[in-house]
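Protein chains in written order, with the numbering used here: chain A, 1 to 160; chain B, 1 to 499.
Keep in mind the hints are simulated off the structure, nothing from the lab.
As the structure is a prediction and not an experimental result, all values here were calculated from the model.
One or more of the hints may lead you astray.
Chain A regions said to be covered by chain B (calculated; three or more residues, Cβ under 8 Å) [stated by the list, open to error]:
id, stretch
1, 86–93
2, 123–135
Listed next, with one range per pair, are the computed distances between beta-carbon atoms [to be verified]:
id, chain 1, residue 1, chain 2, residue 2, range
3, B, LEU482, A, ASN142, 50 to 56 Å
4, B, VAL190, A, THR99, 32 to 38 Å
5, B, ILE21, A, VAL126, 33 to 39 Å
6, A, SER147, B, GLU231, 37 to 43 Å
7, A, VAL59, B, LEU15, 55 to 61 Å
A few chain B residues that don't get close to chain A, going by computed Cβ distances all over 12 Å [said to hold, decoys possible]:
id, residue
8, ALA24
9, ALA32
10, LEU127
11, LEU173
12, ARG186
13, GLN187
14, ARG227
15, GLU245
16, PHE259
17, LEU286
18, MET347
19, LEU397
20, SER458
21, VAL486
22, ARG494
We treat Cβ as the ideally placed atom computed from N, Cα and C, and that holds for glycine.
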Amino acid sequence: MQAISRLRMGHALLGALLLLLALAITIETLQHEPIQQQAVLGPTFFPLLISAALTLNGVALIFKALRGQIDDNEWLELQFLPVLVILGGLTASFFLLETAGWVICSAITFTVTASAFGERRQGINVSVGLIIGVLSFYIFNNLLGLSLPGGWIIDNYFSN
Amino acid sequence: MDTLQFLLDGFLVALAPGNLIWAAIGVLVGTAIGVLPGIGPALTVALLLPVTAGLEPTAAFIMFGGIYYGAMYGGSTTSILLNTPGESGSIVTAIDGHAMARKGRGAQALATAAIGSFVAGTIATLLLTFVAPLMVRFSLMFGPAEYFALMVVAFITVTAVLGQSAVLGFASLLSGLALGLIGTDRQTGVARLTMNFPELLDGVGVVIVAVGLFAVGETLFQASRYRFQKEEIYKIRGSIWMSREDWKRSWRPWLRGTFIGFPIGALPAGGSEIPTFLSYAVEKRLSKNPEEFGHGAIEAVAGPEAANNASAAGVLAPLLALGLPTSATAAIMLAAFQQYGLQPGPMLFASNPQLVWGLIASLYIGNLFLLLINLPLAGVWVKLLLIPRPWLYAGILIFATLGVYSVNNSVFDLALLWVIGLAGFGMRLLNVPVAPCIVGLILGPMAEQHLRRALAISQGDLSVFYNPMTHPIAVTLMATALVALVVPMALRFRSARQA
Numbered sequence: 001m002q003a004i005s006r007l008r009m010g011h012a013l014l015g016a017l018l019l020l021l022a023l024a025i026t027i028e029t030l031q032h033e034p035i036q037q038q039a040v041l042g043p044t045f046f047p048l049l050i051s052a053a054l055t056l057n058g059v060a061l062i063f064k065a066l067r068g069q070i071d072d073n074e075w076l077e078l079q080f081l082p083v084l085v086i087l088g089g090l091t092a093s094f095f096l097l098e099t100a101g102w103v104i105c106s107a108i109t110f111t112v113t114a115s116a117f118g119e120r121r122q123g124i125n126v127s128v129g130l131i132i133g134v135l136s137f138y139i140f141n142n143l144l145g146l147s148l149p150g151g152w153i154i155d156n157y158f159s160n
Numbered sequence: 001m002d003t004l005q006f007l008l009d010g011f012l013v014a015l016a017p018g019n020l021i022w023a024a025i026g027v028l029v030g031t032a033i034g035v036l037p038g039i040g041p042a043l044t045v046a047l048l049l050p051v052t053a054g055l056e057p058t059a060a061f062i063m064f065g066g067i068y069y070g071a072m073y074g075g076s077t078t079s080i081l082l083n084t085p086g087e088s089g090s091i092v093t094a095i096d097g098h099a100m101a102r103k104g105r106g107a108q109a110l111a112t113a114a115i116g117s118f119v120a121g122t123i124a125t126l127l128l129t130f131v132a133p134l135m136v137r138f139s140l141m142f143g144p145a146e147y148f149a150l151m152v153v154a155f156i157t158v159t160a161v162l163g164q165s166a167v168l169g170f171a172s173l174l175s176g177l178a179l180g181l182i183g184t185d186r187q188t189g190v191a192r193l194t195m196n197f198p199e200l201l202d203g204v205g206v207v208i209v210a211v212g213l214f215a216v217g218e219t220l221f222q223a224s225r226y227r228f229q230k231e232e233i234y235k236i237r238g239s240i241w242m243s244r245e246d247w248k249r250s251w252r253p254w255l256r257g258t259f260i261g262f263p264i265g266a267l268p269a270g271g272s273e274i275p276t277f278l279s280y281a282v283e284k285r286l287s288k289n290p291e292e293f294g295h296g297a298i299e300a301v302a303g304p305e306a307a308n309n310a311s312a313a314g315v316l317a318p319l320l321a322l323g324l325p326t327s328a329t330a331a332i333m334l335a336a337f338q339q340y341g342l343q344p345g346p347m348l349f350a351s352n353p354q355l356v357w358g359l360i361a362s363l364y365i366g367n368l369f370l371l372l373i374n375l376p377l378a379g380v381w382v383k384l385l386l387i388p389r390p391w392l393y394a395g396i397l398i399f400a401t402l403g404v405y406s407v408n409n410s411v412f413d414l415a416l417l418w419v420i421g422l423a424g425f426g427m428r429l430l431n432v433p434v435a436p437c438i439v440g441l442i443l444g445p446m447a448e449q450h451l452r453r454a455l456a457i458s459q460g461d462l463s464v465f466y467n468p469m470t471h472p473i474a475v476t477l478m479a480t481a482l483v484a485l486v487v488p489m490a491l492r493f494r495s496a497r498q499a
């Protein structure tokens, strides 16, 4: 029973999000000053059209969810903790990327994600993450001309 | 014949040693990544797009073509041996392919898939060679109204036909269209929906959205599910060659699959799912022993795999000739063209024949490479399935970060990736299809330009979309879109009432 209500709730939530998006687009679009121009359609027509369609779609989703026209067997068993752990790891590595550098951040992303998937041997996780970080840093920066940030270790000790 | 001359020139481009190496790299990378569960061709091209920014466009597209075809081959390996289809086109292959693997006939399933893909890929590339120029000629009659109508067709077919629920498909499409609004309006210079972030003035990149939805969203989904799933890999045992009987049962499905797959891919009729299901149904009906289907019938692997690859080639025809992507992968390839400042369509055939024909010629070569590296080396690719899942997904996230950061060297893009990844996770939970969002994102701004231009030319007269006397092509297209919208809905409604 619980599973049924979850999937319905998800659909209703998606519908609500679409309505919010429609509202945001409408408000933002109406803030623009009307521009003098010869074109028949200005820059506000298409956003308003999409916002109207989003509203319709959102209402339809909520309506279907409330009427219960949703297949109940499709909801899967889930764990949300690993998802939060991975998102946390990504947040940390994104914020550290331009100070700590690519290699460190790869190692963080790799270790956190692998442990979220149940690989608990942290020593190996960190080492593999570091190896991938160093290899990708070298290959992509030196051979393919990207500029991944080195961070303070490489900038201070390895650059010439 | 003009076309043959162009194709010959294309082979000269594709056979230049440098380009031959890029084609080889493309098929190797494509196969390897296609074999990995959870990564399909769309994500592969999206991840490699920023990385190849430094390459010359012809070389880059020859590599993308190889990746595209290679990922199609690799995907069948995963569905046969692991029963986890890497992309929607190989869902059908997984049914009987995996049943064959359980019976110890995995090698034969892989072989009929590889040879079938080669046969289908080659015939479909041949069809592409001749259909694309015809499409170009046809599209010269197109004005803005016709282009807009064509894009409406693409929106509807990508959305309404695919997936179980039209409401969810449209939720995805409209979100993509809304994302496409962000940025500076191309006609008036007005900044729309940028929320005062200067980073958003250029719009939201297709790469960020594709990587967010496919890589980050998929990884989060797998992380939430790994406790509840168990995988079994079936080893290849016994004779690896197809018997005379296997050949006899395979060759007709290959050909039928090809001729089902190519037209559906080439007409904007929505991706590779439909032809594979159609081919399965046809083979089951024609088979002398339909009861074998579902329990390892070789026809049920041969037909759909051929249909899958033929439709992959078919999708390239409207992409190259009209600039119209009809699948997620094609949408990302279009973004790749735009990265080089190129716009696929009739002009590209005129202004850049080297690139277009070099790409088409390299597809023939890539197909041959793929047959060579897949038949004898199947066992090597299978080893990739042994990578532990925690490391696989951790690695995917590293490369997702790398790809997205490298587009603009911007941490802002990474924050956007985070948000879109979370949205992708939500979409995966609710079974919202991803392809309409990506097609909407890239086609939305183009559709808007064409609509505004069409109405500027007609001075606001909407009859360009419904008067068959003045605009027969546009009206036909609009009618097609309407049919494509209404018919599946009616069918769904009827089956819901009967149930």
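Now the hints, each set against the structure:
no.	hint	result
1	86–93	holds (count 5)
2	123–135	holds (count 5)
3	LEU482/B x ASN142/A: 50 to 56 Å	55 Å, holds
4	VAL190/B x THR99/A: 32 to 38 Å	36 Å, holds
5	ILE21/B x VAL126/A: 33 to 39 Å	35 Å, holds
6	SER147/A x GLU231/B: 37 to 43 Å	38 Å, holds
7	VAL59/A x LEU15/B: 55 to 61 Å	57 Å, holds
8	ALA24	17 Å, holds
9	ALA32	15 Å, holds
10	LEU127	35 Å, holds
11	LEU173	9 Å, violated
12	ARG186	9 Å, violated
13	GLN187	7 Å, violated
14	ARG227	6 Å, violated
15	GLU245	39 Å, holds
16	PHE259	34 Å, holds
17	LEU286	32 Å, holds
18	MET347	23 Å, holds
19	LEU397	5 Å, violated
20	SER458	8 Å, violated
21	VAL486	16 Å, holds
22	ARG494	15 Å, holds
Figure legend: structure checked against the earlier numbered hints; hints not met, in rising order: 11, 12, 13, 14, 19 and 20.
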